[in-house]
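Novice: All chains should be modelled from the sequences, with the hints used to inform the complete structure.
Protein chains: 6
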Amino acid sequence: MKKLADYKVGESIDLYLLIKQSIKGVTQQGSSFMTLVLQDKSGDIEAKLWDTKEEHALLYAAASIVKVGGELHDYRGKNQLRIKTIRPVKEDEGISISELVPSAEKSKEVLLEELMQYFFEMKNPHIQRITRHLLKKHQSAFMTYPAATKNHHDYVSGLIDHVVSMLKLGKALADLYPSLNKDLLYAGIILHDVGKVVELSGPIATQYTIEGNLLGHITIMVNEISKAADELEIAGEEVMLLQHMVLSHHGKEEWGSPKRPMLKEAEILHYIDNIDAKMNMLDRALGKTEPGEFTERIFPLDNRSFYKPGIE
Amino acid sequence: MKKLADYKVGESIDLYLLIKQSIKGVTQQGSSFMTLVLQDKSGDIEAKLWDTKEEHALLYAAASIVKVGGELHDYRGKNQLRIKTIRPVKEDEGISISELVPSAEKSKEVLLEELMQYFFEMKNPHIQRITRHLLKKHQSAFMTYPAATKNHHDYVSGLIDHVVSMLKLGKALADLYPSLNKDLLYAGIILHDVGKVVELSGPIATQYTIEGNLLGHITIMVNEISKAADELEIAGEEVMLLQHMVLSHHGKEEWGSPKRPMLKEAEILHYIDNIDAKMNMLDRALGKTEPGEFTERIFPLDNRSFYKPGIE
Amino acid sequence: MKKLADYKVGESIDLYLLIKQSIKGVTQQGSSFMTLVLQDKSGDIEAKLWDTKEEHALLYAAASIVKVGGELHDYRGKNQLRIKTIRPVKEDEGISISELVPSAEKSKEVLLEELMQYFFEMKNPHIQRITRHLLKKHQSAFMTYPAATKNHHDYVSGLIDHVVSMLKLGKALADLYPSLNKDLLYAGIILHDVGKVVELSGPIATQYTIEGNLLGHITIMVNEISKAADELEIAGEEVMLLQHMVLSHHGKEEWGSPKRPMLKEAEILHYIDNIDAKMNMLDRALGKTEPGEFTERIFPLDNRSFYKPGIE
Amino acid sequence: MKKLADYKVGESIDLYLLIKQSIKGVTQQGSSFMTLVLQDKSGDIEAKLWDTKEEHALLYAAASIVKVGGELHDYRGKNQLRIKTIRPVKEDEGISISELVPSAEKSKEVLLEELMQYFFEMKNPHIQRITRHLLKKHQSAFMTYPAATKNHHDYVSGLIDHVVSMLKLGKALADLYPSLNKDLLYAGIILHDVGKVVELSGPIATQYTIEGNLLGHITIMVNEISKAADELEIAGEEVMLLQHMVLSHHGKEEWGSPKRPMLKEAEILHYIDNIDAKMNMLDRALGKTEPGEFTERIFPLDNRSFYKPGIE
Amino acid sequence: MKKLADYKVGESIDLYLLIKQSIKGVTQQGSSFMTLVLQDKSGDIEAKLWDTKEEHALLYAAASIVKVGGELHDYRGKNQLRIKTIRPVKEDEGISISELVPSAEKSKEVLLEELMQYFFEMKNPHIQRITRHLLKKHQSAFMTYPAATKNHHDYVSGLIDHVVSMLKLGKALADLYPSLNKDLLYAGIILHDVGKVVELSGPIATQYTIEGNLLGHITIMVNEISKAADELEIAGEEVMLLQHMVLSHHGKEEWGSPKRPMLKEAEILHYIDNIDAKMNMLDRALGKTEPGEFTERIFPLDNRSFYKPGIE
Amino acid sequence: MKKLADYKVGESIDLYLLIKQSIKGVTQQGSSFMTLVLQDKSGDIEAKLWDTKEEHALLYAAASIVKVGGELHDYRGKNQLRIKTIRPVKEDEGISISELVPSAEKSKEVLLEELMQYFFEMKNPHIQRITRHLLKKHQSAFMTYPAATKNHHDYVSGLIDHVVSMLKLGKALADLYPSLNKDLLYAGIILHDVGKVVELSGPIATQYTIEGNLLGHITIMVNEISKAADELEIAGEEVMLLQHMVLSHHGKEEWGSPKRPMLKEAEILHYIDNIDAKMNMLDRALGKTEPGEFTERIFPLDNRSFYKPGIE
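These protein sequence lines are chains A, B, C, D, E and F, in that order. Position 189 of the first sequence, counting from 1, maps to 189 under our numbering, and the rest follow consecutively. Position 185 of the second sequence, counting from 1, maps to 185 under our numbering, and the rest follow consecutively. Position 183 of the third sequence, counting from 1, maps to 183 under our numbering, and the rest follow consecutively. Position 207 of the fourth sequence, counting from 1, maps to 207 under our numbering, and the rest follow consecutively. Position 227 of the fifth sequence, counting from 1, maps to 227 under our numbering, and the rest follow consecutively. Position 42 of the sixth sequence, counting from 1, maps to 42 under our numbering, and the rest follow consecutively.
Don't take each hint at face value.
Stated by the list, open to error - Simulated pairs of lysine-lysine, PhoX-like, Cα-Cα distance not exceeding 20 Å: (1) Lys278(B) - Lys171(C); (2) Lys168(E) - Lys227(F); (3) Lys227(F) - Lys137(C); (4) Lys182(C) - Lys308(B); (5) Lys227(D) - Lys227(E).
Worth flagging that the hints you see were computed from the coordinates, not collected in a lab.
Specialist: This is how it looks when you write it as C-alpha cells:
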C-alpha cells in the first residue's frame with residue numbers, strides 16, 4: 001500500500017494518519033488555525049487547518065488518528081499537505097497507532113532474543129545477575145522506547161534496536177582485541193541507556209520528563225545499579241565497575257559524563273555508541289540524497305553536510 | 001610552645017613531628033636517601049635523610065611520629081630542614097597524631113552542635129528526615145574528614161567546618177532573598193560534600209580512593225540519597241530535588257556536574273560553596289603575605305596572585 | 001486599578017499606555033503599518049496599527065502616551081493586542097510617564113537614604129571622600145537609571161535598587177568574614193556601575209550611547225575616579241585600589257574586565273554583583289511560572305530553564 | 001635469552017645494546033659526561049657515562065651497537081643503568097641492529113600478505129589501481145617504518161602493523177553496516193598514513209624531517225594521489241574521493257585535517273584509526289600495571305590514568 | 001546613467017537587470033510566486049513575481065537579463081522592488097552580462113600588467129618559473145574570478161584585484177623589513193588563492209564546486225605546485241617552501257591551514273591577506289554609513305559594528 | 001672590541017659586565033652560592049659564584065658593574081660562564097651602565113626626531129594637541145623605557161624604537177588605503193603604549209609596578225588622555241576616539257582590551273602593533289639560527305619553531 005513518503009508534489013492523498021503534533025495559531029488578521037504534523041510509518045508532513053473553532057483542538061489533538069484527503073505542495077523547499085477533508089477515525093475502522101508510527105525493522109521480540117544470546121558469552125556471575133535483574137525490571141519499556149527524541153533511533157523500539165546493533169559491534173571488537181573483558185563490555189552496552197525509560201516520556205510523542213531534565217538517564221541508571229546490587233546482595237568491585245561504565249559513556253564532562261572513561265572497556269563503549277548512532281544518522285540522511293549531491297546539514301554531526309559519491 | 005612555623009632560617013629545632021610523606025631516592029652517584037615531609041599543627045617542612053639503609057623505610061614511614069633535631073635553611077626560596085638527629089617516638093612519650101595535625105579551630109563537637117541548629121528552621125519532613133538519616137549514617141567520618149586533599153579546608157574536620165560556614169552564609173542569603181526555600185538550601189549545603197567520606201581515604205595523609213576516582217563524591221552521594229529514601233520509604237519530588245542539589249553543585253558539566261543547576265537554590269548553593277572555599281584560600285595566602293606585597297600564585301583561583309593593600 | 005498584565009486572552013482593554021517602541025513597516029503587498037510596543041507599570045505588549053499614514057509616525061512615536069482600546073489575542077504563543085481605538089493622550093488628562101513605567105518597589109529617596117547609612121561603617125577618609133564626591137556628582141542620574149537595558153534591574157531606579165541590595169549582601173559577608181575591608185567593599189559596590197549613567201541613554205527607552213559603546217561603563221568610571229582624586233587632591237594607594245575594584249568587577253577579561261580581581265574585596269564584589277543580578281532574574285522568571293513547571297529559557301543564565309518545585 | 005626488561009633493580013647485566021640516543025653534557029663543576037639511552041627489543045634504559053673525552057662522542061653515537069656491563073638502580077622512580085664496562089661491538093660478533101629494536105610481532109612479509117588479501121574485496125578499478133601503485137612505490141619504507149615517533153605502534157614495521165589491524169576492523173564494520181563502500185574504506189585505510197614514510201626519518205631513531213614539519217604526512221599523501229592519478233591517466237571522482245579520505249582522517253581542523261570528513265567512509269576511517277591507536281596504547285599501559293592499580297597517565301588519551309580491575 | 005543604487009524608496013525604475021538568483025515559492029494559500037534577486041553594477045535588490053506559471057521558471061532563470069519596470073519600497077528595513085512590468089531582454093538590445101555585474105575598478109588587463117611588474121624584483125629562478133607557470137596555466141580564470149562568494153572582493157576580477165593590492169602591501173613591508181625574502185613573499189601572494197579557480201564555480205552566481213567542498217583551494221593549489229615542479233623538472237627546497245606558503249596562509253588549523261606558518265614570509269603573508277580583506281570589508285560597510293553612526297554588524301569581523309567618526 | 005656574544009665555548013674572557021640578576025642559593029649539602037646573570041650590549045650569560053659569604057650579596061647585587069675573568073662552557077645546551085676572578089668596578093675605570101645594556105640601534109634623540117616628523121601630516125588640532133601634550137609630559141621616560149620586559153623591543157629605548165617603526169608601517173598603510181584617517185592612526189600609534197612608563201619600573205632590570213599589575217598600561221593611558229583633555233580644555237569626539245584607540249589596541253577582551261576595535265584605524269593599529277612585534281621576535285630568533293635549521297620555540301608566537309630556508 002502506498003505510504004506518505006511515496007507521494008510526490010502535486011499528487012492527491014487519502015490516508016489514515018496519526019497526529020504527531022498539534023499547535024493552535026492565530027493569523028495576524030486574527031482568525032484561528034491549527035498546524036498539524038501528520039505521520040505514518042514512512043515519515044511525516046506538516047499541514048494547516050484554516051478557520052478552526054474551539055472544538056477542533058480536542059478533535060485533532062496529538063496522538064489522535066485521522067482520515068485525511070488532500071494534495072501535496074512544496075512550501076519553501078519542504079513538502080506540505082493542503083488538507084481538503086479531515087475527520088477522526090472511527091473505532092470500527094480498526095486502525096491502531098502502532099500501524100502508523102515508524103519502528104525498528106525487526107520485531108521487539110526478535111531483538112530481545114538476539115540480545116539474550118550475549119549473556120551466554122558472559123562469565124562473571126555478579127555482572128550477569130545485575131544486568132539480567134535490571135533488564136527484567138525495565139524490560140517492557142526497554143523494548144518499546146526510542147533511543148532518543150530525535151536524531152538517531154528515534155522510533156518505537158529504537159532503544160533495543162540500538163543496543164543490539166551495538167552488541168554486534170562490541171562482539172566484533174572483542175574478537176579483534178581479545179584483551180577486552182566481554183562481561184564489562186556487553187553489560188555496559190546493555191545497561192548504558194536503560195535510564196532513558198525514565199528520562200523520556202514514552203514511545204509516542206516522546207518528551208523529557210522532569211526527572212529526565214533534573215537528573216538525566218546516566219544518573220538514573222547509576223542509582224539503579226546501586227539498588228540492584230543491594231537487592232541482590234552483591235558486593236564487590238563489579239558494582240563500581242558497572243556504574244563507571246554507565247557514568248562515563250558520554251566520554252567527556254562537557255557531554256554529560258561526570259567522569260571520563262577510566263576503564264578500557266568504558267573507552268570502547270563510548271566509541272561503539274558513537275559509531276552506531278552516527279551510522280544511523282548518516283544512512284538516513286544519505287538515503288534521502290541523490291548520488292553526486294550533498295545531504296542536508298546534520299546538526300549532531302557538527303552540522304556537517306555529507307557527500308554521496310556518484311561512483312558505484 | 002614554639003611550633004614549626006615559628007622558627008626562622010638559621011634557627012635550631014628539637015621537636016616531635018609527624019611524617020606526612022616518605023619517599024626513597026638514590027643519588028646520581030648511587031647512594032640511597034629519603035625525602036621526608038614533616039609536620040605539626042602549624043605547618044610542614046621538607047627534609048632529606050642521607051645514606052639511608054633498607055630498615056629506615058619502615059622506621060620512617062608515612063604517619064609515623066619522630067623526634068627530630070636539626071637546623072632550618074633556605075633551599076631555592078623554600079625552607080628546608082637539615083636533620084641532625086632523628087628517632088621514632090617512644091610509646092611512653094605520649095604523643096598522639098591528633099596533636100600534630102592541623103584541624104579546624106572549633107572542636108568537631110561544637111561544629112556539629114552549630115550544624116544541628118539549622119534543622120530547626122527546616123519545615124519539610126521528607127527533606128529533614130533524609131538529611132538527618134544520611135548525616136547520622138556518616139556522622140563519624142563527616143566530623144573528622146577534610147573537605148579536600150589540598151587547597152581549602154584540607155585539615156582534620158575541615159569538611160564539617162566548611163559546611164557550618166556555608167550554612168551561616170546560606171542563612172544570610174535566605175534572609176536577604178526570602179523567596180529561597182530554606183529546606184532545600186540547608187539540606188543541599190549539609191549533603192553536598194558528604195560523598196567525600198567515601199571519595200577520600202581519611203583525615204590523615206588523605207588520598208583518593210578507587211571508588212573516589214571512578215565514581216566521584218557527587219555520584220556517590222546521589223546514590224546514597226536514593227537508598228535513604230527507599231529505606232525511609234519516602235517517595236515524592238523531594239528525593240529528586242535533593243539529588244539535583246547535590247548533582248549540580250559544581251555548576252557546570254566541565255567541572256563535574258552532569259546537570260547544571262535548574263533550581264534557584266541549586267544555583268545559590270554553587271555560589272555559597274565557591275565563596276566559602278575562596279575566602280578560605282585567600283585568607284590563608286594573604287596571611288603569609290606582607291602589606292604592599294602580592295601573594296604567591298593560587299592555582300585554583302586561576303593561578304592569580306592577590307595584592308595585600310598597604311592601607312589600613 | 002486593573003493593569004495590562006492582569007488581562008487575559010479574549011478580554012477587552014481600555015487603558016492609558018506608553019509607547020515604548022515604534023517601528024514602521026510595509027506589508028509584502030505594499031501597504032504601510034506600524035508595530036508598537038505599549039507598556040504600563042505591569043508589563044508590555046506588542047500591537048499592530050494597519051494602513052497607517054505619514055502623520056502617524058509622529059503621533060505615535062516612542063515615549064508618547066496614548067489611550068488605547070482593543071482586545072488581547074495570542075499570536076505564536078505570545079500575547080498581542082488588536083487595536084480598535086487609539087489616540088494621543090490629552091494634556092488635561094494628567095497622565096505622566098512615571099505612572100506608566102515599571103520602577104523599583106521603594107522610592108529612590110528611600111533607597112538613597114538606605115545607601116547613605118553604609119558610609120557610617122567606612123573609616124578610610126580618602127575612600128569615603130572619593131566615593132561621596134562621585135555619588136554627589138552623578139546623584140540625579142544614579143537615582144533614576146536602570147542597571148541594564150534588559151535582563152535584570154532594567155527599570156526606573158533599577159541601578160540604585162541593585163546597589164542597595166548588593167550593600168546588604170556585602171554587609172552580611174563582611175560580618176561572616178571579618179577579614180574583608182569594608183571601606184573597599186562598600187565603595188566598590190557603590191561605584192562599580194555608576195559609569196552606566198554615561199553608558200546608557202536614560203531611564204526610559206534605554207539604549208547604549210556612543211561613548212557607552214566605544215569605552216564602556218567600566219572605563220568611564222575608572223577615569224572618573226582618577227579625576228575625582230585630582231580634584232580632591234587625594235594621592236595614595238586608595239585611588240588605585242578603588243580603580244581596580246571597578247576595573248575588575250566583571251571578573252574575567254572575556255567579560256570586559258581588563259584585569260581579573262587581585263584584591264580579596266574585588267573577588268567578592270564580583271560574586272555579590274552576580275548573585276544579586278541572578279536572584280533578580282530568577283525571581284522574575286519563576287514568578288511567571290507555575291509550580292511543577294519550567295521557566296522559559298533565561299539567556300544570561302547560559303540559556304537555562306529553571307524548575308519551580310511543586311512542594312511547599 | 002634474558003633481555004633488558006627482564007632485569008630488576010640491583011641485578012647486574014652484560015648485554016649487547018643499541019644506542020638510541022646520545023647527548024653530551026657538562027656537570028655544573030665543568031667535567032664532561034654523556035647521557036645514553038640504550039635499548040634492545042624488550043625496552044630501553046638511561047645511563048650516564050662520566051668523565052668522557054672528545055672521542056667518545058663518535059664512538060658512542062646514536063645508532064651504534066655496544067657491549068655493556070653494569071648494574072640497574074632506581075633513580076627518581078625510573079630504572080637507570082650504572083655502566084661499569086662499555087665498548088663498541090666488533091664486526092665479527094655478528095650483532096645486527098634489527099636484533100635490538102622492537103618490532104611488530106608478525107614479520108613484515110606476513111603483514112604485507114595479509115594486507116594484500118583486502119584488494120580482492122575491492123571492485124572499483126580506479127581506486128584499486130591508484131592504491132596498488134602508491135603501495136608499490138613506497139612499499140619498502142611502508143613495511144619498515146613505525147606509525148609514529150612515540151605513543152602507539154612506534155616500532156619497526158609499526159605502520160603496516162597498524163594498517164593491517166585497521167583493515168580487520170574495517171572489514172568487521174563493513175560487514176555490520178553493509179552500506180559502507182569497501183573500495184573507499186579499504187583504500188583509505190591503506191593510504192591514510194603512507195605519507196609518514198616522507199614525514200619521518202626512518203625506522204630507527206625516528207624524527208620528523210623538514211618536509212614532515214612544513215607539509216605533514218596528510219598533505220604529502222594527497223599530493224602523491226594526485227600524481228599517481230596523472231601517471232596512471234586516471235580521471236574521475238575517485239581521485240578526489242581518495243584525496244578527501246586521506247585529507248580528513250584526523251577528523252577536525254584543529255587536529256590537522258583542513259576538511260572534516262564529508263564521506264561516510266571518511267568518518268568511519270577516522271574512528272577506526274582512533275580505536276586501533278587507543279587499543280595499542282591502552283594494552284601497553286595496562287600491561288605494565290597490576291590488577292587493582294591505575295596506569296601511569298597517558299598523554300595522548302587526555303592525560304588520563306586507566307584502572308585495571310581486580311576481577312577476572 | 002542612473003543605476004539601481006541611485007534610486008530611493010518611492011521612485012520608479014525602468015532598467016535592464018541581471019537575475020542573480022531565482023527561487024520558486026508557494027504561498028501558504030497555495031498560489032505560486034518567484035523571488036528574484038536583480039542586479040546591475042551598482043548593487044542588487046529583491047523582488048517578488050506573484051502568480052507565476054511553470055514557464056516563468058525558465059524565462060526568468062538565474063543569469064538571465066531582463067527589462068524591468070517597477071517601484072522601490074521599504075520592506076523590513078531593506079529596499080524591495082515592486083515589479084510592474086518584466087520581460088526577457090531581446091538579442092538586438094545588445095546588453096551583455098558584463099555590463100550588469102560589479103567588477104574591479106581597474107580592468108583585468110591593467111591589473112595583470114601591474115602584477116607582472118613584481119616578477120622583476122624576484123631573483124630565485126625556481127620560484128619564478130613555478131609561479132609564472134601556474135599563473136599562465138590558470139590565467140584566464142584567475143583574471144575574472146572573484147576572491148570569495150561574499151564578504152570581500154566578491155566581484156568579477158576580485159581575485160586579481162585582491163592579489164595586486166596585497167602585492168603593494170607586500171612591497172611596502174619588504175621595504176620596511178629588508179630581511180623578508182621577496183621571492184617567497186611575492187610568489188606566496190600570487191599563488192595563495194589561485195586554487196579558488198577550482199574551488200569556485202565561476203565569476204557569475206558563484207558557488208562552491210564539489211571539489212571545492214571536499215578538498216578546498218589550499219589543498220588544490222598545493223597539489224598544483226607539486227605537479228608544476230614535476231613538469232618543469234624543478235627539484236629543491238623551493239617547491240616545499242612555496243607549498244608551505246600556500247598551505248599555512250590561513251594561519252591556524254581551525255581556520256583551515258593544516259600547518260601554522262613556520263616561515264617568516266608565511267607569517268607575514270597571513271597578515272597581508274587579512275589586512276587587505278578587512279580594509280575591503282570596512283570600506284564597503286563604512287561607505288554605507290553616515291558619520292556619527294555605526295555600520296551594520298560585519299559577520300567575518302567577529303560580528304562587530306564599526307563606528308564612523310563625525311570628525312573630519 | 002670583542003663582546004660577550006663574540007666568545008665561543010672554551011674561550012677565556014676578561015670583561016666589564018653588568019649584573020642583570022643576582023640570586024642567592026644553598027646547595028643541598030648546605031653551602032651558599034650565587035647565580036648571576038651578567039650582560040653587556042651584545043647579550044647575557046649565566047654564571048655561578050660558589051661558596052659565597054654574606055657580604056657578597058651586597059657586593060654583587062643586581063645593577064652593579066663588575067670586572068670578570070673566566071671561561072665559557074656549555075651547560076645543558078646553554079652557554080655558561082665559569083668565573084675565575086671577579087671584582088666590583090672601580091670608579092676611576094669610568095664604565096657606565098649605558099655602555100653595558102643593549103639599546104636601540106639609533107640614538108633616542110634621532111628616534112624622537114623621526115617621530116616628530118609625523119606630526120606634520122596630522123591636521124586635527126585636538127588630536128595633535130592631546131598627543132603632543134602627553135608625549136611631552138612623559139618624554140624622558142618614553143625615550144628610555146623598553147617596550148616590554150621580554151620577548152620584543154625589550155632594551156633601552158625599545159619603546160620609542162617600536163613606535164617609530166610602527167609609524168613607518170602606518171604611513172605605508174595610509175598611502176595604500178587612503179580612507180584611513182592619519183590623525184587617528186598616528187596618534188594611536190604614538191600613544192598606545194605610553195602607559196608602559198607607569199606600568200614598568202624603568203629601563204634597567206625592568207619589572208611590573210604595583211600599579212602596572214592592578215591597572216595595566218591600557219587603563220593608565222586612557223586615564224591620562226582624559227586628564228590631558230581636561231587640562232587643555234578640549235571637548236569633543238576626538239577625546240573619546242583617542243581613548244578607544246588605546247583601549248582596543250590589544251584587539252580582544254581575552255588579550256586585555258575591554259572593547260574590541262570599533263574604528264577602522266583601531267583595527268589597523270592592532271595589526272601594525274602585532275606585525276612590528278613579530279618581525280622583531282622573528283628576526284632575533286632567526287639571527288641565531290643556521291640556514292636549513294629551525295629556531296628555538298618562540299613562546300609568544302604560539303610556541304612555534306620557524307624554519308630558516310637554505311636557499312638564498
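Novice: Let me make sure I understand: some of the numbered hints might not hold for this structure. Which ones are they, in numerical order?
Specialist: 2
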